[in-house]
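Peer 1: One letter stands for each residue in the lines below.
Number of protein chains: 2
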Amino acid sequence: MSDHKAVVLLSGGLDSTTTLAIAQAHGYSSYALSFRYGQRHIVELRAAEQVAQTMQVAEHLVADINLRLFGGSALTDNISVPRDREETTMESEIPVTYVPARNTIFLSFALAWAEVLQASDIFIGVNALDYSGYPDCRPEYITAYENMANLATKAAVEGQQKIRIHTPLIEMSKAQIIQRGIELGVDYAQTSSCYDPDEQGRPCGHCDSCLLRARGFAEAGVADPLLETSAT
Amino acid sequence: MSDHKAVVLLSGGLDSTTTLAIAQAHGYSSYALSFRYGQRHIVELRAAEQVAQTMQVAEHLVADINLRLFGGSALTDNISVPRDREETTMESEIPVTYVPARNTIFLSFALAWAEVLQASDIFIGVNALDYSGYPDCRPEYITAYENMANLATKAAVEGQQKIRIHTPLIEMSKAQIIQRGIELGVDYAQTSSCYDPDEQGRPCGHCDSCLLRARGFAEAGVADPLLETSAT
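Sequences listed follow chains P and U, in order.
The opening position of the first sequence corresponds to residue 0 in numbering that gives the first Met the number 0, with each subsequent residue numbered one higher.
The opening position of the second sequence corresponds to residue 0 in numbering that gives the first Met the number 0, with each subsequent residue numbered one higher.
Bound conformation, chain P alone (with noise of 0.2 Å):
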């Protein structure tokens, strides 16, 4: 195993599992790191669970947040998961699946992580161009908190590491993620991405997410073999 360390943030989704394999790729020993952050579906985490398994990562903690505590969200609260947006409204809205601070909060907890097994790299798989409207995906944001990581920690204090926020996907449509993803051997059967599956977990074809995924596997001009499962 790789002694250079690195903690992914893993979802369990299409983005964070193709990130999660290009931090392996560059060859860190990658500790994955999910919530359960009062969700309305668990079907991220199974998806989560699954993919530390396939993937063979170091080690995978769920961490306990109950972000409903706060309320503000259709992820976590009774509000209903927006359909079948145009492509226009997404890009320019920020939607009600936004869940406050979550990168910020999410973030954090790999930074405690990360200073506890000496790490000095964290992995995100943010998306500027598909972000659909989430300030805390955009690179100027990821900047300012990996500014204020290295001031954050006690070997940053004590000069002995500079953390990286890694977030390979930024700049990469989500055909070009699928693509990347399938050339280092993902299965994206695996992944969860719909922000409001049914009970057996199968995508609703119709958020923000789905439609994204859609259109991503669509320009990738390959099948989502989630789908393909989902059929049989």
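It is possible that part of the hints are untrue.
Pairs count within a copy or across copies, as identical chains cannot be separated in the list.
[To be verified] Simulated crosslink set (EDC-like; lysine to aspartate or glutamate; CA at most 20 Å straight-line):
id, residue 1, residue 2
1, K161, E139
2, K153, E182
3, K4, E85
4, K4, E218
5, K153, E139
6, K153, E198
7, K161, E58
8, K4, D63
9, K4, E58
10, K4, D83
11, K161, D63
12, K153, E48
13, K161, D83
14, K161, D2
15, K153, E227
16, K161, D197
If you are wondering where the hints come from, they were derived from the structure by calculation, not from laboratory data.
Dock chain U against chain P, hints included.
Peer 2: The following block gives chain U in isolation, referenced to the frame of chain P:
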């Protein structure tokens, strides 16, 4: 009640309680946020609840986050809390009571709640002079956090509000903090500072936090009402 809402991080200790009093003196309607983070004792949480009630905060939330998941601190693990350290050692070394990325995580939850409340003000009782070597108590860290926060939220992106992280104690000595608190009517008998209290919640008198508190009261020229309570 004031229209100006502020989220105040409240541990139940001397510093955060004084910070709450200062926020209220500035006219903010205060939303106190505490954490059950896997600390070895819950005395400080009971103190936070009592303080929040006495000081009539608008709302008090306790977020459950298990920082024990990652380990790495005497406050969450079975590592002995150091006793009777010299002042020079306290000032020069990061102690084992440091919890990795704790303030980064605490501020991230405060940011999430502020966003939901549409509040732009967050108060945290960090202190750079008596900071016992914690990296995430320094002014440059707080400034970097604020910069990041202003790129992280929906309101910031939409230009509605600028997040301010208030650190009213940052340049104060422990004696000055106590004097200010007494002016504002803080009842320090309700606060808990000790890293290693006994089962009845009485302070050990030997950890860094007890020593700093004792020195502060001595320099302020007043008796610590908590010790008077414990003695009776």
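Peer 1: It remains to establish, for every hint, whether it holds in the given structure.
Peer 2: So, going through the hints one by one against the coordinates:
In this assembly of identical chains, the alpha carbons of K161 and E139 lie at most 20 Å apart whether taken from the same copy (18 Å) or from different copies (16 Å). Within a single copy, K153 and E182 get their C-alpha atoms no closer than 38 Å, and across copies no closer than 35 Å, so neither meets the 20 Å cut-off. Taking the shortest alpha-carbon separations for K4 and E85, neither the intra-copy value of 41 Å nor the inter-copy value of 36 Å comes in at or below 20 Å. Taking the shortest alpha-carbon separations for K4 and E218, neither the intra-copy value of 34 Å nor the inter-copy value of 47 Å comes in at or below 20 Å.
Taking the shortest alpha-carbon separations for K153 and E139, only the inter-copy value of 14 Å comes in at or below 20 Å, while the best intra-copy value is 24 Å. For the identical chains of this complex, K153 and E198 are neighbours neither inside a copy (44 Å) nor across copies (31 Å), given an alpha-carbon limit of 20 Å. Taking the shortest Cα distances, K161 and E58 never come within 20 Å of each other, neither inside one copy (22 Å) nor across copies (38 Å). Taking CA atoms no more than 20 Å apart as the test, K4 paired with D63 passes in neither setting, with 23 Å inside one copy and 28 Å between copies.
In this assembly of identical chains, the alpha carbons of K4 and E58 lie at most 20 Å apart only when taken from the same copy (11 Å versus 41 Å across copies). Taking CA atoms no more than 20 Å apart as the test, K4 paired with D83 passes in neither setting, with 40 Å inside one copy and 36 Å between copies. Taking the closest pair of Cα atoms, K161 and D63 never come within 20 Å of each other, the shortest separation being 27 Å inside a single copy and 29 Å across copies. In this homomeric assembly, K153 and E48 never come within 20 Å of each other (Cα to Cα): the closest approach is 31 Å inside a single copy and 30 Å across copies.
Within a single copy, K161 and D83 get their C-alpha atoms no closer than 43 Å, and across copies no closer than 33 Å, so neither meets the 20 Å cut-off. Taking the closest pair of Cα atoms, K161 and D2 come within 20 Å of each other only inside a single copy of the chain (16 Å); across copies the shortest separation is 41 Å, beyond that limit. Taking the closest pair of Cα atoms, K153 and E227 never come within 20 Å of each other, the shortest separation being 48 Å inside a single copy and 36 Å across copies. For the identical chains of this complex, K161 and D197 are neighbours neither inside a copy (43 Å) nor across copies (39 Å), given an alpha-carbon limit of 20 Å.
Of the numbered hints given earlier, the model fails hints 2, 3, 4, 6, 7, 8, 10, 11, 12, 13, 15 and 16; all others are met.
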